[in-house]
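A.B. asks: Sequences and hints are given; from them, build the entire structure.
Sequence order for the protein chains is E and H.
What the first sequence shows, in numbering that gives the first Met the number 0, is residues 0 to 344, in sequence order.
What the second sequence shows, in numbering that gives the first Met the number 0, is residues 0 to 344, in sequence order.
Just so you know, these hints were derived from the structure itself, not from any lab.
Please note that the accuracy of each hint is not assured.
Identical chains blur together in the list; that is why a pair holds if it fits in one copy or across any two.
[To be verified] Think about it this way: if two alpha-carbon atoms lie no more than 25 angstroms apart in a straight line, the pair counts; the simulated PhoX-like pairs of lysine-lysine are:
#1 Lys119 - Lys47
#2 Lys174 - Lys43
#3 Lys47 - Lys174
#4 Lys44 - Lys328
#5 Lys43 - Lys119
#6 Lys47 - Lys114
Each chain, written out:
Protein chains: 2
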Amino acid sequence: MPIQNSKSRVTLRDIARHVGVHPSTVSRVLNPGTRQMVTEEIAKKVTKAAHELGYRPNAFAQSLKTNRSCTIGVMVPDLTNAAFAPIIKGIDNVLEESGYSVIVANTDNVAERAKRNVDKFRERQVDGLVIATARRQDELVADCRAEGTPFVLAVRSTTDIGVSSVVSDEVIGVKMVMSHLVQLGHRDIACVAGPQFLSTGFERYQGYLQGLAQAGLEADPDLFAEGEAFTEEEGRRAASKILATRKKFTAIVASNDLMALGCYDELMAKGLKCPDDVSVVGFDDMPFASHFNPPLTTVHTPLLDVGAEAARILLEQIEEPYLPARALKLRPELIVRASTAPVVS
Amino acid sequence: MPIQNSKSRVTLRDIARHVGVHPSTVSRVLNPGTRQMVTEEIAKKVTKAAHELGYRPNAFAQSLKTNRSCTIGVMVPDLTNAAFAPIIKGIDNVLEESGYSVIVANTDNVAERAKRNVDKFRERQVDGLVIATARRQDELVADCRAEGTPFVLAVRSTTDIGVSSVVSDEVIGVKMVMSHLVQLGHRDIACVAGPQFLSTGFERYQGYLQGLAQAGLEADPDLFAEGEAFTEEEGRRAASKILATRKKFTAIVASNDLMALGCYDELMAKGLKCPDDVSVVGFDDMPFASHFNPPLTTVHTPLLDVGAEAARILLEQIEEPYLPARALKLRPELIVRASTAPVVS
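C.D. replies: See the structure below:
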């Protein structure tokens, strides 16, 4: 049942009859590209009649003509990760102004579900995609490139050159974390890393290694554990693995805030206090990170801006398909809260 | 630039040429409603060729024919309120299985923006709406009814009868909170209420009043303050107003978790401890409520289920427009954490 079922739709023919002109004249007036072909007087009459009769353009018929659907598909890996809501909001804010609608697809980090969503987006002929689900090597992204689909990667990038993306500067972010910890006297710093097949997990780990090197510290493989997903559970599992080695450490750099929460859980379960026994740092500064117990020291990524910039670049690409790809790295900011403290020697 | 621009689209004509039949035969085979008009053998050949050539149905042309867009519009008031992401996820889970896509619109609680979004949804001829932005008296909802638009209200209901909705049983939820507090010895219980023009704010306040009555306690107007929105800021403002009366109270019932966080902020700013000096209870059990400082006692609303049930009812309505409206109230659950404690006398 279409949304206007109970009232019959006003057609160009109805307007034409009302004004006393040919339907093709009405069509010319209502199409911005041909309006100037009709005299000002007639154009006004037609517009007035269209308004009074409650005419609404038929989006399907228009899309068939213009080959534009004015919809954008957005793929996110996990809607309940609080980091993604601000990104969608940022995208929606920009697109709404431009008359575009956003179709959201939640892939739950499942590759087949992502593929099914891209197929669905194609059937709907969306004008472009914002992809926040990319792996560093991503078949779907390669496929979109091959097909000439306008798209922008958000948050997660791939190893391809020539693909537009908007991400946070992960390496710089984690290097700021490392300087902060080193200044507090930490020398034995563990890393609870995110999946290495994702740019976020990979680059943040690179930042950790570079931060160690810069401080003249060596990386201890026992103090590294990789989670299979950016979740609280995987953060906890990784922290537990590091604790099981019984190696000394005084701080954990977690690859995102959810994983940092998992570290909180595991430390508490083992009777360790944060930050008294172990400092913990996250990444993202997701909503409410300041309300955690203890309030989480983290790296603030401008999530709203990531979404807004991705939408802007995508709109440019849709208008001008031959523009070169743009890779935007937004500068993150270290937010020091109560989960980090000086080492007590 | 439509999504398939760089490759030319496979048409019915291409398939017909490949198989050696007339295009109308191909059309009959690919339309489930007419497939039985063609012999099994030909149907198989056509389906195989369509698959091999990479044929994709043109959604616009199909929609023009079937008058179905297979999209659902979802209106949420605030994407960054963590309670709404699980609702959208619940909707998406159900709709994805049924081949529908979700268009999300964020209204930021602005009435004109909601109206603009409904207009946009109509232009796109969405098959139905899930509305999570309704006021108790809502012109847009009345308008959708008058137009015969299939829609379901989620989370927030209106005073109209005969409108389908899926909400949490707010009154029962807050009455459980009140019993819990009374059992802990609280007698002077303040209420930081949400906006009374929203069913959630109104019903939760009714639950507070009924809970007081049930315990034989009187409502003190000085211990009531209404926020203008369900936000941390408004929760803080309301708490500050109650504190300014200098009336004694030992507990605050906040109308949602964000407002409860605002109470935390204001209590801390005034040097008061939660729960030692004042117990605080929220509502929603939004993600991370267990990680707040202190972990928040709250009412768990099955948000994923609210979304999923709303989607199911909407699909039924789209299939059978003359089904009677269904108002579903899901049973909430009290989650006792560390923000409530016995009164120290």
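A.B. asks: Please list, smallest to largest, the hint numbers that this structure does not respect.
C.D. replies: 2, 3, 4
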